[in-house]
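Protein chains: 4
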Amino acid sequence: MSARKPGKAALQKLLGRARFVSGYSLKLVSVTDDACTVSMPFRRALERPGGTVNGPAFMAAADCAMWLAIKRHIGIEHDAVTLELNTAFLNAARRETVYCSARVLKLGKRIIYGSAECHDRAGKLFTHHTVTYARI
Amino acid sequence: MSARKPGKAALQKLLGRARFVSGYSLKLVSVTDDACTVSMPFRRALERPGGTVNGPAFMAAADCAMWLAIKRHIGIEHDAVTLELNTAFLNAARRETVYCSARVLKLGKRIIYGSAECHDRAGKLFTHHTVTYARI
Amino acid sequence: MSARKPGKAALQKLLGRARFVSGYSLKLVSVTDDACTVSMPFRRALERPGGTVNGPAFMAAADCAMWLAIKRHIGIEHDAVTLELNTAFLNAARRETVYCSARVLKLGKRIIYGSAECHDRAGKLFTHHTVTYARI
Amino acid sequence: MSARKPGKAALQKLLGRARFVSGYSLKLVSVTDDACTVSMPFRRALERPGGTVNGPAFMAAADCAMWLAIKRHIGIEHDAVTLELNTAFLNAARRETVYCSARVLKLGKRIIYGSAECHDRAGKLFTHHTVTYARI
Chain A
1 MSARKPGKAA
11 LQKLLGRARF
21 VSGYSLKLVS
31 VTDDACTVSM
41 PFRRALERPG
51 GTVNGPAFMA
61 AADCAMWLAI
71 KRHIGIEHDA
81 VTLELNTAFL
91 NAARRETVYC
101 SARVLKLGKR
111 IIYGSAECHD
121 RAGKLFTHHT
131 VTYARI
Chain B
1 MSARKPGKAA
11 LQKLLGRARF
21 VSGYSLKLVS
31 VTDDACTVSM
41 PFRRALERPG
51 GTVNGPAFMA
61 AADCAMWLAI
71 KRHIGIEHDA
81 VTLELNTAFL
91 NAARRETVYC
101 SARVLKLGKR
111 IIYGSAECHD
121 RAGKLFTHHT
131 VTYARI
Chain C
1 MSARKPGKAA
11 LQKLLGRARF
21 VSGYSLKLVS
31 VTDDACTVSM
41 PFRRALERPG
51 GTVNGPAFMA
61 AADCAMWLAI
71 KRHIGIEHDA
81 VTLELNTAFL
91 NAARRETVYC
101 SARVLKLGKR
111 IIYGSAECHD
121 RAGKLFTHHT
131 VTYARI
Chain D
1 MSARKPGKAA
11 LQKLLGRARF
21 VSGYSLKLVS
31 VTDDACTVSM
41 PFRRALERPG
51 GTVNGPAFMA
61 AADCAMWLAI
71 KRHIGIEHDA
81 VTLELNTAFL
91 NAARRETVYC
101 SARVLKLGKR
111 IIYGSAECHD
121 RAGKLFTHHT
131 VTYARI
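Protein chains in written order, with this note's numbering: chain A, 1 to 136; chain B, 1 to 136; chain C, 1 to 136; chain D, 1 to 136.
It is worth saying that the hints were derived from the structure and are not from the lab.
Please note that the accuracy of each hint is not assured.
Claimed, not checked - Simulated pairs of lysine-lysine, DSS-like, Cα-Cα distance not exceeding 27 Å:
1. Lys124(A) / Lys5(C)
2. Lys13(C) / Lys109(B)
3. Lys8(A) / Lys124(A)
4. Lys109(B) / Lys109(C)
5. Lys5(D) / Lys27(D)
6. Lys13(D) / Lys109(D)
Stated by the list, open to error - To give a feel for the contact side, a few chain D residues facing chain B, derived at Cβ under 8 Å:
7. Ala88
8. Leu90
9. Leu105
10. Tyr113
11. His128
12. Thr130
To be verified - A few chain D positions that, by computed beta-carbon distances, are all more than 10 Å from chain C:
13. Thr32
14. Glu96
15. Lys106
Each residue gets a CB set at the ideal place from its N, CA and C atoms; glycine is no exception.
Excised from the complex, chain A in its bound form:
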């Protein structure tokens, strides 16, 4: 019998303990089998000259949103590590909260692949990502 999938509360707790993204104040907004969305509030430390959000912040959000989307499917007690992260920078974000939605497209026994998008509240895209994880 398969274990129950972790819900929003369990994944939010996991995210709160995840030191590797602790500098980004990410919050879990929603999670279903289909997609996982996190939010990243604007902070001065994420700012590039001109008041836009810097690249590493988007990539951290994408990696984290995908990690939670994967945990939803494989369970909190199992883990996976990032093999590849491809990023396209489409539009600048200006001193605003960034949302990142990740979706698992292939849940293999060894490899997990998906896409993620950083966007504003209205859905305007900032970045587009593809992410490959290996189960461990």
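Once you have looked at the hints, place chains B, C and D on chain A.
Below, chains B, C and D without anything else, positioned relative to chain A:
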């Protein structure tokens, strides 16, 4: 007549003023027409659980090393922005200085493309990147 | 005043003249502002050992579906060339018609970026792509 | 004791039997532990309008050169399949022989990652690729 290419001192000065990577304490190690290498000292803020360097730090180093490699070719007064950054995570870095070497493979009138590698002092690879910039 | 967008008949005609994909017998299935779908019938020439569709065929379908999706937006008289094509191979296709749906995510003045998916009639994914075009 | 690594004759023979690239007339030019180079003669079937080599041909060459570079390391009796292939189109090739050189950057127990370049005889780049294989 084409302007003289900026040397190490001018690019180091540019890097010192570049706020978008100010959190990473990057230093310019060497620059030629062929390649540009920066170093990133280990700091607690870059640490993942287990004492390894986190993903965004590698990606910030790659983006910055490529930006300097491009400035070497187009001059400090011209600029370019990151369109795409692809990253493969190959080996973990453990509480150590990371070096990142970037190389321009195509210097187009509009698009610049290159590869970058993060590695230790002996050349062992941590990450491999391809980077696309658009001239502005 | 902007020109009218080309419809299915005009794009199907364009595809019929496009020699660069003439080996793949691609047909336009549907086109809207949101997405463009082409079909690729199975042929022996696309076969790998084991009866699966080979990698270049998927990549040709993705490149072509994106090209038509772009033509829909910029018009048949304007053109764009492929800068980058990233492909993830997710599931094998077995002696069957492959469908490829492409979607423009950023229509810039110089750079156009989108994603494409090859799938079967029921929507099962074979490959996932991101594609970058430059307007010329 | 580890088996001897396959040499040029054994890999050329393997390539000759590899139906999945039989349409491209690829020949093995050289192979060492460091790199593997194949050649692809120009043929009308590879031509795009304007007399340039089409995209799928470059991608087929890159995939094949990497596959042989991997076989060199893991032996002919072991196999690996392509997970991801990223391609940047840098310069057009015009009715000429294309060479493709692949290099393994990480030989993991499960994942193999490398880069490949298609170029002319003098080394001018046509395309740059990164390739991810999974061992099976």
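Checked hints:
{"no.": "1", "hint": "Lys124(A) / Lys5(C)", "in the structure": "23 Å, holds"}
{"no.": "2", "hint": "Lys13(C) / Lys109(B)", "in the structure": "33 Å, violated"}
{"no.": "3", "hint": "Lys8(A) / Lys124(A)", "in the structure": "25 Å, holds"}
{"no.": "4", "hint": "Lys109(B) / Lys109(C)", "in the structure": "15 Å, holds"}
{"no.": "5", "hint": "Lys5(D) / Lys27(D)", "in the structure": "19 Å, holds"}
{"no.": "6", "hint": "Lys13(D) / Lys109(D)", "in the structure": "26 Å, holds"}
{"no.": "7", "hint": "Ala88", "in the structure": "5 Å, holds"}
{"no.": "8", "hint": "Leu90", "in the structure": "4 Å, holds"}
{"no.": "9", "hint": "Leu105", "in the structure": "6 Å, holds"}
{"no.": "10", "hint": "Tyr113", "in the structure": "5 Å, holds"}
{"no.": "11", "hint": "His128", "in the structure": "6 Å, holds"}
{"no.": "12", "hint": "Thr130", "in the structure": "6 Å, holds"}
{"no.": "13", "hint": "Thr32", "in the structure": "25 Å, holds"}
{"no.": "14", "hint": "Glu96", "in the structure": "17 Å, holds"}
{"no.": "15", "hint": "Lys106", "in the structure": "18 Å, holds"}
The structure is inconsistent with hint 2 alone, although it conforms to all the rest.
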